[in-house]
Amino acid sequence: MIKTALTAIARWIASETGWLVLLAVAGVGAWLYVQFAQVRADRDNAIHVADVICAGVGTGFAPSVSQETSTNGKIVLVAHARGVLCQRKVADLADFKARTDEATAALLAQALKEHDARQNKDSAAARAAADAARAAAERMEIADAKADRTNIVDHEWFAAVNGVAGLRASDR
Amino acid sequence: MKPVPVAVPVKDPAPAELTRCAERPQGLPESKAMLAQIPTPVRAAIIRIARAFAANAAQLDRLIDWGAPGTCPAGKAPAK
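Going down the list, the protein sequences come from chains A and B. Just so you know, we're using my numbering here: the first sequence kicks off at 1 and counts up by one. Just so you know, we're using my numbering here: the second sequence kicks off at 173 and counts up by one.
These aren't lab readings, by the way, just hints derived from the structure by calculation. Small disclaimer: the values here were computed from a predicted structure and weren't measured. Check before you lean on any hint, since a few could be wrong.
[Claimed, not checked] Chain A regions said to be covered by chain B (calculated; three or more residues, Cβ under 8 Å):
1. 106-114
2. 118-129
3. 145-151
Cβ atoms here follow ideal geometry from the backbone N, Cα and C, with glycine treated the same way.
I would like the entire structure built from these sequences, with the hints used as guidance.
Here it is, written out as structure tokens:
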């Protein structure tokens with residue numbers, strides 16, 4: 001019975017070949033059409049996104065022509081393919097950011113180092129000044145104690161005052 | 173992305189008038205012939221003033237050295 005049915009279907013296919021081929025071609029065509037519609041939508045979307053990205057960095061995505069000065073000083077027209085200017089700009093920006101970060105870090109590190117060196121030097125100077133002041137103050141105390149009773153001061157007392165003030169003796 | 177401030181070195185030195193090293197004039201004469209009678213309060217005042225003078229001069233020199241290292245080295249002979 002199955003054999004009978006298959007034979008009938010084969011006979012029907014044989015008699016309707018033209019229609020069936022047409023149907024198959026139409027099916028493939030419809031499938032291609034749907035595929036193409038999706039591809040076109042994807043392409044339009046991609047171009048739109050590229051336009052938006054390029055506008056964000058201040059250039060266009062479309063191909064363009066610009067005037068440049070060549071090395072021999074002549075003005076020449078340079079054609080740029082689609083997206084080339086935009087790509088260059090983006091690369092420049094990324095490069096700018098990377099190098100700016102690097103330079104900033106180096107600058108801050110240098111400033112920190114200089115500050116530390118300065119701090120150390122000043123600490124040393126402060127210590128030296130404090131030591132000198134302490135030694136002078138001791139001498140001053142001794143010299144002043146001698147004058148306590150009589151209020152008479154001599155050259156030692158004057159020298160001690162000069163020491164406390166950090167001054168040289170007067171010529172006269 | 174966190175915004176990063178870009179640092180630049182700023183050179184803004186104070187005017188020359190403000191960065192002169194501390195003035196250290198000649199002090200008291202120390203010749204052996206000098207004798208004086210000075211009452212205790214006056215002696216104390218002289219000592220106070222001398223001590224403050226040294227402290228202020230040292231502080232000024234350190235401040236100037238902070239901004240421009242080596243300008244007023246410690247113990248530098250006074251100009252006059």
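Hint by hint, here is what the structure shows:
1. Proximity of the stretch 106-114 of chain A to chain B, defined as three or more residues with a beta carbon under 8 Å from a beta carbon of that chain, is established by the 3 residues found.
2. Requiring three or more residues with a Cβ within less than 8 Å of a Cβ of chain B, the coverage given for the stretch 118-129 of chain A holds, as 7 such residues are present.
3. Counting residues of the stretch 145-151 of chain A whose CB lies closer than 8 Å to any CB of chain B gives 4, so the stated coverage by that chain holds, three being the minimum.
The structure is consistent with each of the numbered hints, conforming to all of them.
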